[in-house]
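Read off the chains here:
Number of protein chains: 2
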Amino acid sequence: MSKKLTKRSEDYSKWYNELVVKADLAENSGVRGCMVIKPYGYAIWEKMQAALDKMFKETGHENAYFPLFIPKSYLSKEASHVEGFAKECAVVTHYRLKNAEDGSGVIVDPEAKLEEELIVRPTSETIIWDTYRKWIQSYRDLPLLINQWANVVRWEMRTRLFLRTAEFLWQEGHTAHATEKEAIEEAEQMMHVYADFAENHMAVPVIKGVKTESERFAGAVETYCIEALMQDGKALQAGTSHFLGQNFAKAFDVKFANKEGKKEHVWATSWGVSTRLMGALIMTHSDDSGLVLPPMLAPIQVVIVPIYKGIDQLDAISEKVNPLVKELRAKGFSVKFDNRDTHKPGFKFNEYELKGVPVRLAIGPRDLENGTYEVARRDTFEKETVAADAVISKIEFLMEDIQKNIHQKALKHREDHITEVDTYEEFKDVLENKGGFVSVHWDGTTETEDKIKEETKATIRCIPMDAKEENGVDIISGKPSKRRVLFAKAY
Amino acid sequence: MSKKLTKRSEDYSKWYNELVVKADLAENSGVRGCMVIKPYGYAIWEKMQAALDKMFKETGHENAYFPLFIPKSYLSKEASHVEGFAKECAVVTHYRLKNAEDGSGVIVDPEAKLEEELIVRPTSETIIWDTYRKWIQSYRDLPLLINQWANVVRWEMRTRLFLRTAEFLWQEGHTAHATEKEAIEEAEQMMHVYADFAENHMAVPVIKGVKTESERFAGAVETYCIEALMQDGKALQAGTSHFLGQNFAKAFDVKFANKEGKKEHVWATSWGVSTRLMGALIMTHSDDSGLVLPPMLAPIQVVIVPIYKGIDQLDAISEKVNPLVKELRAKGFSVKFDNRDTHKPGFKFNEYELKGVPVRLAIGPRDLENGTYEVARRDTFEKETVAADAVISKIEFLMEDIQKNIHQKALKHREDHITEVDTYEEFKDVLENKGGFVSVHWDGTTETEDKIKEETKATIRCIPMDAKEENGVDIISGKPSKRRVLFAKAY
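In order, the protein sequences belong to chains D and U. Numbering of the first sequence is given in this note's numbering, commencing with residue -3 and proceeding in unit increments. Numbering of the second sequence is given in this note's numbering, commencing with residue -3 and proceeding in unit increments.
These are computed hints drawn from the structure, not numbers from a lab. Mixed in with the good hints, there may be bad ones.
Identical copies carry no separate label here, and so any pair may be met within one copy or between two of them.
In silico DSSO-like links for lysine-lysine, alpha-carbon gap of 27 Å or less [unchecked claim]:
| hint | residue 1 | residue 2 |
| --- | --- | --- |
| 1 | Lys400 | Lys130 |
| 2 | Lys408 | Lys204 |
| 3 | Lys94 | Lys109 |
| 4 | Lys10 | Lys351 |
| 5 | Lys73 | Lys478 |
| 6 | Lys109 | Lys83 |
| 7 | Lys449 | Lys94 |
| 8 | Lys246 | Lys405 |
| 9 | Lys53 | Lys327 |
| 10 | Lys424 | Lys258 |
| 11 | Lys18 | Lys251 |
| 12 | Lys485 | Lys53 |
| 13 | Lys130 | Lys255 |
| 14 | Lys344 | Lys255 |
| 15 | Lys447 | Lys478 |
| 16 | Lys18 | Lys130 |
| 17 | Lys73 | Lys251 |
| 18 | Lys10 | Lys130 |
| 19 | Lys255 | Lys316 |
For clarity, every value in this text was computed on a predicted model and none was experimentally measured.
Just chain D, same shape as in the assembly (with noise of 0.2 Å):
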């Protein structure tokens, strides 16, 4: 199979495709919609969950795990909750196979059916507040903080690797707390995390927000979001928050006894980031030669590839190298010295941008002589020969550079790409020609967002946290509005 990438502005969608395959990130499966996570991508991801795990237990959550199977009946007692997943779910409904009398092959044996079909969740609320009755009594149950580390199922019609899959991997919290104002204040909190973890571990910009009515997480009273904005001018929904109300605790009767021992349900919120969250970072940063990373992420974040003739010039580059390795490692960075025989120099070199490692370091028989290493960092292609006495404080700053500047150009790009307009025409005209968020004034009605989405495919993306009030109208139908919404088309 060749390197070579399709280029981002020939086919944006064609590029992703084949840069998560070609960089060993995932692939499809022999079934449907679901995918592999190929060792190289789980070890991104892995480094996504351990660094959201510890922001999770820092604000108090424990980790636990619920059933993945949801009887039918449990789905069905939230009203909007089951119309929310009803038309896209795995449904188990026997227990067994057994072998055909005609000699056919295994068959699902007819005499094994469930007396009730169970669902493999696709998230789980109703599991866990069903669980909840039983763990709550009394306002000294509460707060209840848990978070789960699960796969959950959603059988989409179309799918692609990481951004919409059948089965994907995430996390879920779901709390319970006394009062209204402190699952709302979870609810928000959580939004904080994830997009600090975006800013600050992905490199990706964010912008925090509510969804409108008809986004809504399905059993929400509000959700809150953040919002990315990817290259091709797509917005993609990057982590999401809820809160609850009492939603939940009403269908699964869960009420605990407040300090006066008056008995009250119990307020909820739940939040969730997948896999998904692999997508959004392949798409924020990478270019036509493959992955970019940012190296808080990056499974290797310094790789140094060898340039010889004869084992006896590898022997003396590596008589260099490894005490080097050493050093670095015991710094905490991930190294790796590919001394490889069997490939040469320039595919190395070709492997390891497009897989997106941070900064390679080479060395040749020059180097040897002269005492130095050729630097080069991954964002930017820079290249630099530094002495060798330097290059441990050359990575440690690039490390942290490569970090910043990533951010920073898709910060600028995610600015370039937020137009504020007044009117349809102007709105429809961005959103063919740039792309991007487009910030309109909008009349909070689901008639006019529907309108749009109907005939330009945007859809609000969020009503921005810090969005300032301001009189104008909706581009729609001149009814008057307070603040703008972002609308865009999205992932």
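Given the coordinates of chain D, assemble chain U onto it according to the supplied hints.
Same frame as chain D, now just chain U:
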């Protein structure tokens, strides 16, 4: 709910079930056979995962993720494999629900029937080897050393928390090799890794061995195992590692070109441990007061309980305790200062005994005066008064000593419960009245194995790796035997 446990001597099985629930480890869910792993139980599992994951990576393995669903036709490709799993698998047949037309609620949409049924993975050999066919072309692609952390489902009819559940969490390693020798070495290596983990992290002594043909994994050529002994004299299989020969490579047509360019089938292994290890951990060390945890896996290693009257005394104690907590945490210990004013010290003492916290410090007004702490260890209940400036070194000592002591205790119990016998009468007597492993000569036939199983419920747990050659005769058939095997009743 009373925190008091049934005594082990009264009803070991009841004691176990109560302990798992009362110590907040896990509980049954509303879904038949599926458990909820509660935060305290999950925290122990996370520690197990972290230690195992490190060991896997140190032995060259990488993590990846494969689909939850296995098409029925995949499962059927390896004959003995499907034979082993067909009888207990969850089958997905539909991908949508809809509202019933008669208004009776949500039903499975008959029009959304899958063309081919999907099995919720009971283990992933088939989906993984279907993927490996694409990944392996040449000897350069080998060995392929991959592990997956995942949930799996086996529709067990009789379930028990951690020991046997319809859904459980596990890791499954799947490796591919160019030669038979290398694959066997890998399978053996992973048995040793598991044994190392059991002995040195869980403090659970295990016997390494191989399974007889009838106890082998469905599709394996050889199954290596580690076997532990519980306090009630029943054995528990704690981990298995399989040499799969070329069975899956042949079923999925996975070939590689060797150095001479000739195509050969690949050699395989798979190996796994699961949340069942939690059961082994609990049943090996715990007592009538509750859990006993090895310090290396304890979510809370040290708890500090203040004994006070009024806020002034608590303030004075906190002033003393807070710097200690800080110092212990800096040293990497997990410490909890339980200053809740809603519960009395006696209640707290019982709670932490129940939860198996290895070391408890108590500090009251007299300790304040004398500059001391009362230090209690969970494994032996020994208490002593320790000067404040010696308390950290005391804790450091206890962490190691408790880890060692509970291992020694379990080892002594195990050694006391391996009984060599040479007649079937003695065999039955030992099984009936003493329990544990019974070491006997066996003629190597499934016939005698089955007869013994039928008559006594004991199975051959393993042929120990270190069994010495010795001439003997089978206790049933009288036929010659070269070495002893270990029988036991097992979980």
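So, going through the hints one by one against the coordinates:
1. Lys400 - Lys130: Close neither inside one copy (47 Å) nor across copies (38 Å); limit 27 Å.
2. Lys408 - Lys204: Classified as within; 17 Å inside a copy, 60 Å across copies.
3. Lys94 - Lys109: Both, since 13 Å and 19 Å are each at most 27 Å.
4. Lys10 - Lys351: within (17 Å within a copy, 54 Å between copies)
5. Lys73 - Lys478: neither (37 Å within a copy, 64 Å between copies)
6. Lys109 - Lys83: Close inside one copy (22 Å) and across copies (13 Å); limit 27 Å.
7. Lys449 - Lys94: Between copies only: 26 Å across, 49 Å inside.
8. Lys246 - Lys405: neither (47 Å within a copy, 50 Å between copies)
9. Lys53 - Lys327: both (25 Å within a copy, 19 Å between copies)
10. Lys424 - Lys258: neither (55 Å within a copy, 61 Å between copies)
11. Lys18 - Lys251: between (52 Å within a copy, 22 Å between copies)
12. Lys485 - Lys53: neither (35 Å within a copy, 42 Å between copies)
13. Lys130 - Lys255: within (19 Å within a copy, 62 Å between copies)
14. Lys344 - Lys255: between (66 Å within a copy, 22 Å between copies)
15. Lys447 - Lys478: Only inside one copy: lysine 447 and lysine 478 sit 20 Å apart there, 83 Å across copies, limit 27 Å.
16. Lys18 - Lys130: Between copies only: 13 Å across chains, 49 Å inside a chain, cut-off 27 Å.
17. Lys73 - Lys251: This pair counts as within: shortest intra-copy Cα distance 16 Å, inter-copy 51 Å.
18. Lys10 - Lys130: between (50 Å within a copy, 21 Å between copies)
19. Lys255 - Lys316: For lysine 255 and lysine 316, neither the intra-copy (69 Å) nor the inter-copy (32 Å) Cα distance is at most 27 Å.
Hint compliance for this structure: hints 1, 5, 8, 10, 12 and 19 are not met, and every other hint is.
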